[in-house]
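Could you slot chain B onto chain A? The hints should help.
Sequence lines, in order, name chains A and B.
Under the numbering used here, think of the first position of the first sequence as 1, with each following residue one higher.
Under the numbering used here, think of the first position of the second sequence as 1, with each following residue one higher.
Read the hints as simulated data drawn from the structure, not as lab findings.
Take these hints with a grain of salt, some might be off.
[As the list claims (entries may be wrong)] Cut-off 25 Å, straight-line C-alpha distance, at most; resulting in silico cross-link-like pairs (PhoX-like, lysine-lysine):
no., chain 1, residue 1, chain 2, residue 2
1, B, K171, B, K197
2, B, K84, B, K154
3, B, K441, B, K324
4, B, K102, B, K197
5, B, K173, B, K102
6, A, K172, B, K197
7, B, K324, A, K461
8, B, K173, B, K324
9, B, K173, B, K197
10, B, K154, A, K277
11, B, K154, B, K102
12, A, K462, B, K324
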Amino acid sequence: MPLSLIFLVLLGLGLGAFALGRSKGAAMASAPGAGGGGRIGSVHSRPNYHGAFVALVALAPALLLVASWAAVGDGVIAERVIASVPEATRPATELDRSAFMNEVQGLVSGDMEAGFNPDAEVAAKLFVTTRGTYNLIVGALAAALFAMGGLWAFSRLRPQFRARNSVERAVKWLLVASSLVAILTTFGIVMSLVFESFRFFQSVSPVEFLTGTTWSPQTAMRADQVGSSGAFGAVPLFWGTIFIGAIIAMVVAIPLGLMSAIYLTQYAPSQVRRYLKPLLELLAGVPTVVYGFFAALTVAPAVRDFAVSLGMTDASSESALAAGLVMGIMIIPFVSSMADDALTAVPQAMRDGSLAMGATRSETVRRVLVPAALPGIVGGVLLAISRAIGETMIVVMAAGLAANLEINPFKSVTTVTTQIVALLTGDQEFDSPKTLSAFALGLVLFVITLILNIYALSVVKKYREAYE
Amino acid sequence: MNSALTSTAPTDGAERQPAVAGKRLQTDWSSPAMRSRVRARYRAEATFRYTGLAALLLAALFLGFLLFTIVRDGWTGFQSTDVKVSVTYDPATLMIDPAALKTPEAAQALRSADYAALMIEAVGQLGGAADVVSEGAWLILRENLEADPTLLGKTQSVWVPAKSNIDLLAKGKFDLAEPELTRGVSDDDVSDYTQLKQRGLLRTGFNRIFVTMADSTNPELAGIWGAALGSLLTLLITIGLSFPIGVMAAIYLEEFAPRNRWTDLIEVSINNLAAVPSIIFGLLGLAVFLNFFGMPRSAPLVGGLTLALMTLPVIVIASRVAIKAVPPSIRDAALGIGSSPIQVVFQHVIPMALPGILTGTIIGMARALGETAPLLLIGMRAFVVDTPQGFESPATVLPVQVFLWSDDVQRGFIEKTSAAIIVLLVILLLMNSLAIYLRNKFERRW
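Here chain B stands alone, though its shape is the one from the complex:
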C-alpha cells in the first residue's frame, strides 16, 4: 500500500533521504513538496469521481436521446390528416340498382358496390388535386352507406384519410426548402397540399385507424391493433404455460428435491437456459414445433410455446429466490401442527412467496413481450392485414411489427414505427411499474 502511494509522488523519495538508519523522520506535511503531493492526490480523487458521474450521465443521456428521438418521430403517428370531400352517392357510379335495395340481397348489393369509382369522382371535384386521398379512403364511404342506406342519391361532406405524403406534409415532416429530387415529395403533392390547406379542406386529428386496424401496405392505413392482439394471444400462451410449470419446478427444486446428480443436472440446465441467446430458442421452435410436430407457421400458439421455454428459467430462478426467502420457522410451525409437506408448501410458503414470484413473472413477461428474434424464425413476420382470429391463425406481434415497419422504404412508416415503439414502451413501462409496485407493497422482510 505504502509503496503504491509513494510511487505517485516522485519528490517523496528525496524527503526520506536524511533518515538515520533505523529511525524515521516525521513527515513534514506543510512542506511545499508534500502540499503539492496532497493537492495532486485530491485532484486525482476529484477527476476519478467526476469520471464516474460522467459515465453514468452519459448512459442516462443515451437513454434520454433514444427516447427523445423516438417520441419526436413517433408522436405524430397518433395523428392523421383527413381531407374533406363532398360525395354524391350516385347509384349509377356505384353501380347499385336502387330496386335491389328492397330485395333480401340489399346488404350484398351495398357491400359490393363500386365505392372506389365514387371516391375518384368525389376527389375529382376538388380541382387540381387528383391524387390526395388514401387508397383505402373508399372504405369510409362504404361504412357510411351501409350504416345509412337512405344516403343513396344524396350528397354528403365526408372526411376521409389523406394519402401518406399529404399527411406528412401537414405534419411538417418534409423540408420544403430542399430541391424536389432529394426531399422525398413531388412538387405536385406540395401544390395539392397548399391548395387544400388554403381552402380549409384539411384537418389533423387523432388517428383512429392506427389504434384500431392491423398492418397495411399503405402507411396511412396501417394500425397497431392487430399486432397488439397478436402479442396478447402469444403472451396468454406463454404465461399459461411458463407460470405454472416454472413455479412448480421451483417448488420441487427448493422444497423437495434430494441433492443428487439429477437435480444438479436440472439446476445446470436452468441456469444455462437463462443465458442461452434468444435466437437459439427460435431455432428450437423451428426445428421442433414447426418441422417435427407440424404446427402452423406464424401462429401465436407456436410463438407462445417458444417464448414460454425462453421465459421458464427466469420464472424458476425468481420463484426459487422468493421461496428461499420464506424463513424456515414458518415451515417448522406448520409441520409442527400436523401439516403435510405439500400442505406446508401450498398453504404457507407459496402465499408468502407470491409477491416475489409475481414480480419475477411480470419481468419475464415483459422480456417476452419485447422479444423479436425467435419469433422471426418461426415465421411471425407474416404480413397480416386482419386482426388475428385465434391461436392458430397467422399473426404478428408488436416488436416484430416494429421490425417490419422499420424495414419499409415508404417514408410514412418512420413515424408509424416510432409510434409503435411508443406503444410497446408504454406497455413495458406499465408492466415494470406493476412489478416494482408489487415488490414494494407486498414483499416482507423477515
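Bound-form chain A, shown alone:
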C-alpha cells in the first residue's frame, strides 16, 4: 500500500468523522428536553464545529505519523536492505551505498531492466516486500490513532462542550505556523549559504577570495592546485557585476525611468497616462529569459558591429554593453514606478506654491519636486541596483564567462550570477571547492543585496514619514 493511498484514505475517513460529528451536533441542537429543543444558544457550538473538532482530533496524529514516516521511511528501509546484502559484497562507503540504493530504486520502479550488481536484484525484491510490510504497519498504526482520536473526541461532544473554541485554537496555531515559514526560509537561506561557504573557506582563505584578482575555478579541480593562489580571486566578478548592473544598466535606466515618471505624473493627460502606464508594467512583466534571448540574439551582434565600425577589431560578441543595455531596459519600469511613488508623495502644497510663484512646470519639477523627492528616488535607485546585480538570465545569456578586469564596455566581463550558474550546472562533485565557491558567491550576493535593500527601504520609509 503506497503512502499516498494511505494519505488519501485517511483524508476520506476524516471527512466521515466530520460528517459524524456534525450530525451529532445537529441532533443535539434539535433534541427536545433539557438544554435542547432547537433554541438558539442551547448548544454552545454550531454543528460544523463539532464535526471539525472530531475530524481534527482524529486526523492530526494519524497524519503526523504518516508524514514523519514519509520523511524517514526510505532511510530505514535502505538500512534494512543494505544490511541484508552478504558481508563480503556489502557497499561500504556512503557513495557506494547511495549508488547501490539508486540501482535498487531503479529496478523497483522498472526504469532499469537489470542491475549491474547481482545483489541489487535480490535487494530490489527485498526492498519491495520490506516497503510493503512497513507501509502496512504504518497504515494500521495510523488507522488505530485515527480511531482512538475520533472516538475520544466524539465521546466528548455535549451541548455545553466548547467545540468552537478548540477548533479556533487549532486554526490560530496553523496561522502562526504559516507565518513562521518566512522566518524558516530566511533561516534556511542563511544557514545553507553560510554552511557551504564555511566549507569553501576551509580550502580557500576569505581574504584571498575577496581581494584576489584571478578567477579560474577550473584549475582548482586538479589536486595540486587546490587553494593555490589566484584561482579563486573574485574581484573581477564583483567588478563585472558592478560594471553591468550598477553602472551601464543604471546609465540607461535612471534617466529614462526618471523622465518617464516625471512625464507620467506631471504632464501626461489622464487618457495618455491610462494607456502608457500599463505599457510600462508590461515591460516589467516580460520574463528575464526573454530579455536574455533578445540581448544575445539581437542586441549583442548590433553592439559588436557598432564597435567594429568604430575601429575596434577585437570587440567581443558577449560585450558588457549589450548585457548592461538590456538590463537597463528591464529596470526602467522599476525605476519609473519608484520615482512615480516618490514624486506623488510630495505634498501638493509645495507644487502649488511653486507654480503660484510663477515657476513653469519644468522649473517646479527640477527645483522643487525632484529635490523634495530625492531621498525617495535615491532609495528606489538603490533597490533597482540591488535588483540588477541579482539578475541572472540576461547576463547568463548575453555576458561572457571570462573573468576580466575590463573597463571597455565592448569587451567581455563576467558577473557573480553568471558564475554561480556556470559552476552549478552540469554534473560535478558537490564537495569540490569549485562547486562550493558558488555558495560563497551567493553569500556575497545575498549580503550585498540585503544591505542595499534594508538601507533603501529605510530611506524610502523615512522619506514617506517626513511628508505624512
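Coordinates of chain B only, in the frame set by chain A:
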C-alpha cells in the same frame, strides 16, 4: 526660489540696477530682455516636457521592437514543412513476417519493424533528394501502419516532416544570394528544395509536432508541450503551497499578531525575502531540498517547492494590503453580533479581501511561471524527450526550455525559441489580464 529663477537670465541683474534703495522698480515685462527671458523659459519648459515624452516613447519603442523581433522570428515556428513521399509498406523492407500479424504478437511485430529502412527507400524514390526528411519521419509511417495494419504491402502517399534546413528554406529563412559558406545551408539542400518545390511535393502548414511533443535534438521534431506540462505541474505545487500558507500568514500578521519582537522579525523576513535575488532561492533549493532531503533532481516537485518559497512573500504582501483595505466597521459589526474573531476573519474579512488576494496570487504565479534562474540550479535544465509523467519525474519548464533552445547552435532552433517565447508571453498576458479583470470587476472602494 527667486534667486534660482533669476540665475537663468543674466540680463535680469542689469534691469534691477536703477532701483532706489528700499524701493523696487516694477518689472517691465514688455522689455526685449524680459521677453527673451520668458521665451527661453518656455523653450526650456517644452524641451523638458518632450524629453519626458521621448523617454517614455523610447521605453515603449524597446518593448515594441522586442515583441516585433520575437514575433517576426517566431511565428514561423508554428508552421512546419512536410514532404510528400510515396511509401510502399513492403513486408520485406520492414522485416515483418505477414504470418506474424495473425499471432498475438502482432502489435509487437508492428512496433519493432524497420520503418527507418522503409523511409530511406521511400525518400530514395524522390530522385536526387536523398536527405530531405526529418530523422524522425519514420514515426509517421509506424503510426499509420499501427492504425491500419491492412496497409501492409500497399502503397500510400504520406506527408512526412521535412528536415530542418528544407523547412527553413521553405520559410525563406536563408539569404540565397549569399555564398554557400556563410549562408548556413548547403547547395545540395537548396537544389533539393527547389526540385521538390517545383514538383509540388512540399507543403507548409500548422506545426502539429510543436504543440504536442516534448524536446528533441532535431528542431523539426521539438515541441513545447512537454515544457508546458512541466510548467503546469510545477505551478500546481507552487500555488498549492504558497497560496494557503501565504494567505494564512497574512491573516495572522494583519489580524492576530501582537506587536512584539517576533512579529517584527517575521515582517522583516518577509520584506527582505521579496527582494532577495531569485538565484539565491535556487541555491537554497539545491542545498536544502536536493542535498539535505535528497529529493529527486529536475523534478517539478522540487521546482514547485523552490518557487513557492519565492512567491510566498509576494502573496503575503498583496494579501496584507487587501486585508488591511477592509474597513474596521465590518469587523466591529460582525463582532457586535457575536462572531468570534476567527469567524469574523474567515466569514467576513477574507471574502471581501479575496479579489485583492487573488490578484496578488496571479501576479505571483505569473512571476513564478517566467522564472528561470533558480530552476537551472536545481537541475530543471534536463534534456527531456518525454512529457513529464508526474511530480517526481524529470521535467523542464517553459522559460528553461527557451533558455535551452537559445543555447542550441542549430539554426532551426532560433524560430523554435521565439515561438516558445510567444507561447510563454501569451500565457503571461492571459494571466495578467485575468488579474486586472479581477481587480477592476470585484475590488470595492470603501
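25 Å Cα cutoff - pair K173(B), K197(B):
16 Å, holds
Satisfaction of hint between K154(B) and K84(B), Cα-Cα up to 25 Å:
16 Å, holds
K154(B) and K102(B): Cα distance at most 25 Å?
18 Å, holds
Hinted pair K173(B) and K102(B), Cα distance within 25 Å:
49 Å, violated
Measure nothing beyond the straight line between the CA atoms of K173(B) and K324(B); if it is 25 Å or shorter, mark the hint as holding.
Violated, at about 55 Å.
Take the C-alpha atoms of K441(B) and K324(B), compute the straight-line distance between them, and say whether it is at most 25 Å.
With a Cα-Cα distance of about 19 Å, the restraint between K441(B) and K324(B) holds, given a limit of 25 Å.
Check whether the Cα positions of K324(B) and K461(A) lie no farther apart than 25 Å.
19 Å, holds
25 Å limit on alpha-carbon distance, applied to hinted pair K172(A) and K197(B)
72 Å, violated
When you check the alpha-carbon spacing of K462(A) and K324(B), does it fall within 25 Å?
21 Å, holds
Can the restraint linking K171(B) and K197(B) be considered satisfied, given a maximum Cα separation of 25 Å?
12 Å, holds
Sort out whether K277(A) lies within 25 Å of K154(B), counting only the CA atoms.
Violated, because 64 Å separates the two Cα atoms, which is more than 25 Å.
Verify the proposed pairing of K102(B) with K197(B), using a straight-line Cα cut of 25 Å.
42 Å, violated
Of the numbered hints listed earlier, those contradicted by the structure are 4, 5, 6, 8 and 10.
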